[in-house]
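Participant: One line per chain: the protein sequences are C and F, in this order. Going left to right, the first sequence walks through residues 1 to 64 as the numbering used here numbers them. Going left to right, the second sequence walks through residues 1 to 411 as the numbering used here numbers them.
Rather than coming from a laboratory, the hints here were simulated on the basis of the structure. Keep in mind it's a predicted model, so treat the numbers as computed, not measured. Ideal Cβ placement from N, Cα and C applies to all residues, glycine included. Please note that a few of the clues may not be correct.
[Stated by the list, open to error] Between beta-carbon pairs, the in silico distance windows are:
1. C:Val62 / F:Val225: 54 to 64 Å
2. C:Leu35 / F:Ser230: 51 to 61 Å
3. F:Arg222 / C:His36: 57 to 67 Å
4. F:Ala145 / C:Asp45: 41 to 51 Å
5. F:Val209 / C:Leu35: 41 to 51 Å
6. F:Ser210 / C:Asp37: 45 to 55 Å
7. F:Glu399 / C:Leu35: 18 to 28 Å
8. C:Asp37 / F:Glu346: 51 to 61 Å
9. F:Arg348 / C:Ser29: 39 to 49 Å
10. C:Asp22 / F:Ser230: 54 to 64 Å
11. F:Thr57 / C:Thr8: 19 to 29 Å
The primary structure of each chain is shown beneath.
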Amino acid sequence: MKIVLDRTKCTGLGICESMAPDFFEIDDSGALDLLHDTADESRRDEIEAAVASCPTEALSIVEG
Amino acid sequence: MSTPTAGSLVVVGASLAGLRAVESARKDGFEGRITLIGAEEHLPYDRPPLSKAALETGSDVDTTFRSHETLTNDLHVDVRLGASATALNPVDHTIETDSGSVPYDLAVLATGSTARTLPGTAGVSGIHTLRTVDDARAVKAALDAGARTVVIGAGFIGSEVASGARRRGLPVTIVEAMDVPLVRAVGVDMGRACSDLHLRNGVDLRCGVSVARVDTDGGRVRGVVLSDGSVIPADLVIVGIGADPATGWLASSGIEIDNGIVCDQYMMSSLPGVAAAGDVARWHNALFDTPMRLEHWTSAAEQGAAATRNLLAEPGAPTPYTTVPYFWSDWYDTRIQFVGVPAADETRIVSGDTDDGRFVALYRQGDRLAGALALNHQSHIMKYRNLISKSCTWADALEFAASRNTAVSRL
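Extracted from the complex, chain F is given alone in its bound form (with noise of 0.2 Å):
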């Protein structure tokens, strides 16, 4: 491969797919000057530990991947961190930030996605989404202090946090407005298997009800007032409704989004020389033939470098990105892991018992295994995600999960 040795590669996002693309970049051979634009102060650093590891007690954790030395000393990278960028203009080959102008011949955009809010709240404290380093502290700090405890939405972020404030032995309430959790994630039968975890585990899980409004006092969190009228006594309200793509800054650029930067199967948006990666990239998965935005972590690494491969690659050499889905979260003692895709013609319980909060559930769309949802079976799940890389019949699936429990029965 001929890599371009000169010009600007410029890097918009400083989280993982942004640090994997540049990293990519150098280890290909670029020599050309590398820019990497990131909105928060901090270095690049690792987000699934914030809603874990970093909400223990007596947790410092620092998940900064790579210190400024390496980046600036090894990887010859200029980091601009603190610059949020505000436009990209294709004519002039510029992206615009707040505190400048940065030209590029080529560009990845990486720039994540937003935690939902709760109308209303901006400014009362007590109130937080979890998505940056910072917003774990202070997470953190509400629960050293012994809040009580309010989850809105029953996803996986929230699930974490829930699960963290019970460990402390802290009350934890969780609203849901959906009748059943993680519907969209797993499906309305796993969604309930999974949220039962919540039950077993001393959480108050309300679930078809809305939140009403938030009762502050001097301009901080007292409760939370729900669309039937009860009202949960609250010091830490956790906001985890999903997340949208950070794409308002690409308003005027004329890139095409559609929930996300539409990107073909390489990863390259609808403009020239720009390829975007990880949440923010809405891609054409050809494994499956279908778009998808991930906000997976694995699925960020990889596109990362693959978005920078593809814009060094010669014309006519890029090299597909397909991958099968896969994401985990950790609850209470349970470790949830999901590989595929969740929208299924069936779901069938094929080791393990929903009863006791260990199984391997398949999902079957037309003759074909889709997915597959493990608790706490991690011996198993990876089998399952190269099963669904070959495009495995749910016919040889079903085979293979016998084999599988008829091994592991004579353990």
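Isolated chain C (complex conformation) (with noise of 0.2 Å):
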């Protein structure tokens, strides 16, 4: 699957970065580092999770 990032809505409040910090990171200028922008099958509830604790809906998931 691929992990999308709309840019135009993070804020950076870092809650993916505490459910899936393999691939997420807020940076030291507070913006949000996609680590790596596709995931294995057997990260889904990880990345799902983080796609869902998002307060502003800036993360999605790609199938494919």
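Assembling the complex is the task here: the two chains are given apart, and the hints tell you how they should meet.
Facilitator: Take a look at the structure:
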């Protein structure tokens, strides 16, 4: 699956980092770094949790 | 998981937790009838922006989560807005509302909390709490008109309004009954460090005084009289003195209530088939082995989903809902973030400095890391959230903080 970040919505609250730290990290400027933009199926639960946790709905999953 | 496919799920409360409850039910394959009951006339909407972006000049922030079409056509939810729940009858399995009775097989109670008001000020124009989108529109209109602003209570919502008013250059006074603001949320030392942000941004902060009365003129607020006799002229008064769980409507239901609907670790209430979520729920957070009632965005969203999932789970197969509490607040140019719990034997600054308003403070309970507060340290805070979730020791937390500072200083 592909992880898509909409930077126009992201405000760097960072909840995604606490859900899936291998994929998301807030940098020192307060912006979100997408560490990997694709994820193996075995990581689906944590990616879905990260997507659902975003207060600004900045994250989404594109299948395939 | 064999999700029940028939029957009816009634969700009482159409805010974040209620919305997540219905979305979670459909995602998990529930095919029965879903009714979403909301007291406000508005579709479910997001509240954090109401005290932030929605107050800015020229803003017309629409924070509606989902369209009516999405809720009714895609999720097949019977949405009933402007309907206040008035009672729950556990024998007949009905939710009574002021516009009719709704039968339930399963119910999620997510009626939220109600902002406390200043006694004796009902009907006075210019005095507002800030909980709903209607509140936010009224407050923004007053700020647009250049209101001299008095904020009662130096909590997070009042502080965000103060910040928005100062950004427009308006005069702001904050009145706080305690000697130090935010003690319950972040402790004494850090409460002081946060409230320094107000002083740096030109707010007249008055602590240790209370409101004696409000002066009015023709039904409009004109000023606030304090317990020390001082009078502050005001066109807009924001009352931010906390909120109470909205449980009054449940008085006759027999459900167990103790500062919120008492829930077990699965978000189940004392009544069979009835769960609770969001501000109104006081559940057992097994991670801290203590009951908690949180008024945070993150827990409301997660609990809405968790409550439904456990209601629909097979007997004996529910999942405990645990979390490291997290909240954020934006004041002036500062993002304040807190994870964990603030009740602590010790707080220690591990990065930055309180003098310049950019720092990380850790909270120790016994030999464990219990909480972390960050002001403009967004890259640090979630790492501490993960450490707390793993029951990190204090010594390991300090070691991590030291390594973090070294890493940053090398950049």
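Participant: Name the hints, by number, that the structure is in violation of.
Facilitator: Failing hints, ascending: 8, 9.
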